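With chain A fixed as given, assemble chain B onto it according to the hints.
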Amino acid sequence: MRRRLGSLVRGVAPFVVLVAAWAALTRSGLVAEIFLPPPEAVARTGWEMARDGSLWTNIVASLGRVLVGLVVSVPLAIGFGVLVGLSRRLATVLEPVASFFNALSGIAWLPLAMTWFGLGWGSVTFIMLNTVFFLVFFNTLVGVRTVPRVFEHALRTLGGSRRHLIVQVLIPGAMPSIVAGIRMSIGFGWRALIAAEMIATSTGLGFLIFNAQNFHQTDTILAGIITIGVLWLATDRLLLQPLERWTVERWGLVSS
Amino acid sequence: MTARETVLTWILLLAGFFGAWSLAAATLPVPSYVLPPPSAVLSASRDLIVKGILPTYVAESVRRMVTAALVAFAIGVPVGVALGMSRRLAEFAFPILNFFQSVSGIAWLPLMLVWFGFGERTILVAVNYTVVFPVALSALLGVRSVPRIYVNGLRTLGASRWRIARDVILPGALPNIATGMRLGLAYGWRALIAAEMLVGAHGLGFMIFSAQNFHLTARIMLGMVVIGALWLVLDYFVLRPLEQATIERWGLIQR
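Read top to bottom, the protein sequences are chains A and B. With the first letter of the first sequence counted as 1, position 230 gets the number 230 in our numbering; the numbers rise by one all the way through. With the first letter of the second sequence counted as 1, position 136 gets the number 1136 in our numbering; the numbers rise by one all the way through.
In case anyone wonders, no lab produced these hints; they're calculated from the structure. Incorrect hints may appear among the rest.
[Stated by the list, open to error] Simulated DEER-style distance windows between Cβ atoms:
id	chain 1	residue 1	chain 2	residue 2	range
1	B	K1051	A	V71	36 to 46 Å
2	B	F1092	A	E40	22 to 32 Å
3	A	V17	B	P1038	52 to 62 Å
4	B	W1162	A	S87	47 to 57 Å
5	B	S1145	A	W56	35 to 45 Å
6	B	K1051	A	L119	24 to 34 Å
[Said to hold, decoys possible] Covered by chain A, according to a simulated footprint, are these stretches of chain B (three or more residues, beta-carbon under 8 Å):
id	region
7	1002-1016
8	1101-1113
9	1194-1202
10	1206-1213
11	1218-1230
Just so we're clear, the structure is a prediction, and the values are computed from it rather than from any experiment. For every residue, glycine included, the Cβ atom is placed at its ideal position computed from N, Cα and C.
So here's chain A without its partners, still in its complex pose (with noise of 0.2 Å):
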């Protein structure tokens, strides 16, 4: 409990110096109020923002699409992999494929997916589909191909069908692959998302912050950025990073 406080207080202080430097910085009159405001402004801005919901509607959008992202595109890319996977042949030739659809994944979809889909929900939602499917898509081949053979003919001897194969060979197998995979492709998604979100829509926090940029509302952008950010490091810190853990621990093929 006491250890659990102090590592509190050291991932705390940081904070406070830089609040405090922040503040000082805005008093000492050498940069002007609409450049920077103070953190006080800022933060009556966020209380603001979040009494009259505005702050919590635009969460809400850009957290739903992660979330549909990673419902809809997670399932279908580990299927695709774990299929790809079975056939070293197609493997090997898929496999610079994908890490190509991974160079481009992202924002650079955007003005193909705005033809497509025009302006609004369907685009924004694509890039987010589009960067988890190929990043977890890519990881997952990679992690299937990583399971030593030996592990299969053993299976195979035992008289395991292929079914078998897949369910307790291969994606157990690639599961710690699997799961780095989804962890970075939330953290490609979500900076993907914000950019999406400032050019295509108008809703999420992406729009909000590119929005107030048109108002010259600096309080309001840093409101925004200071909750993407925090949004991030608690999806990262309380939920991505345990899971990664877990499942190295659990599947990881550590190798002696």
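Structure of chain B alone, referenced to chain A:
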């Protein structure tokens, strides 16, 4: 699978892909701007290359990326290494760097637009910001990951602080730094494309975004292929070999 089989499979796959695409473009009841045939993409690329638009835009994006990345390395590596040298300082700086890393440069873009206006500087700063934090963070972690015993070993032999930094800490941190550079550039390249779309001053991001206004879908697709291919070339021929080489040369694999 032999090399010949690989090539053969590739040819079949590509032929199948382009065949299916052409067929779909020819038969699907959608306007041609929704799905232009491959031939349209080819002629668009010839057109853009002959007019010199594509080379100019590619050069512009690459120049921005290189400038922003070099500045980011020049700042991120020394700062990260310096912070990593002291355990207390590292513990203090880590949460802050981590926070700034997790807010992408694009999220700062609205604020940077207020600060620097719509122009070159905003793009460069946004990309620079995106690259610098992963680099600094991984340099810091790299320095911290150097086992104390090596530092102590050199110190008992009478080495100076500077000597320890040069011969132990920096080489020990290099594999981490290389990884951080690769991640930083991966984020930075995407941030560049997004920033060029939003700020709209030349470059590949601007090219595909403005093409969308005029339904020049073939041009969008061409731009996407170039964006993906440029990154792959950079990743396969520069970043991965660099990462591999540093890990092989200096990686501290502990048994």
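Cross-check of the supplied hints:
For K1051 of chain B and V71 of chain A, the hinted distance range of 36 to 46 Å is satisfied, since their beta carbons lie about 45 Å from each other. Here the CB-CB span from F1092 of chain B to E40 of chain A is close to 24 Å, well matched to the stated 22 to 32 Å. At roughly 57 Å, the beta carbons of V17 of chain A and P1038 of chain B sit within the given window of 52 to 62 Å. As the Cβ distance of W1162 of chain B to S87 of chain A is approximately 56 Å, the hint placing it in 47 to 57 Å holds.
Roughly 41 Å separates the CB atoms of S1145 of chain B and W56 of chain A, a value that falls within the hinted 35 to 45 Å. Distance hint check for K1051 of chain B and L119 of chain A: the Cβ-Cβ separation is about 30 Å, which falls inside the suggested range of 24 to 34 Å. Chain A is given as covering the region 1002-1016 of chain B, and this holds because 5 residues of the stretch bring a CB closer than 8 Å to a CB of that chain, at least three being needed. Using a Cβ-Cβ cut-off of 8 Å, 10 residues of the region 1101-1113 of chain B lie near chain A, which meets the minimum of three, so the contact claim holds.
Interface restraint, the region 1194-1202 of chain B with chain A: holds (3 residues with C-beta to C-beta distance below 8 Å; minimum three). For the region 1206-1213 of chain B, the stated coverage by chain A holds: 4 residues have a C-beta nearer than 8 Å to a C-beta of that chain, and at least 3 were required. Here's how the region 1218-1230 of chain B fares: 7 of its residues keep a CB closer than 8 Å to some CB of chain A, so the rule of at least three is met and the hint holds.
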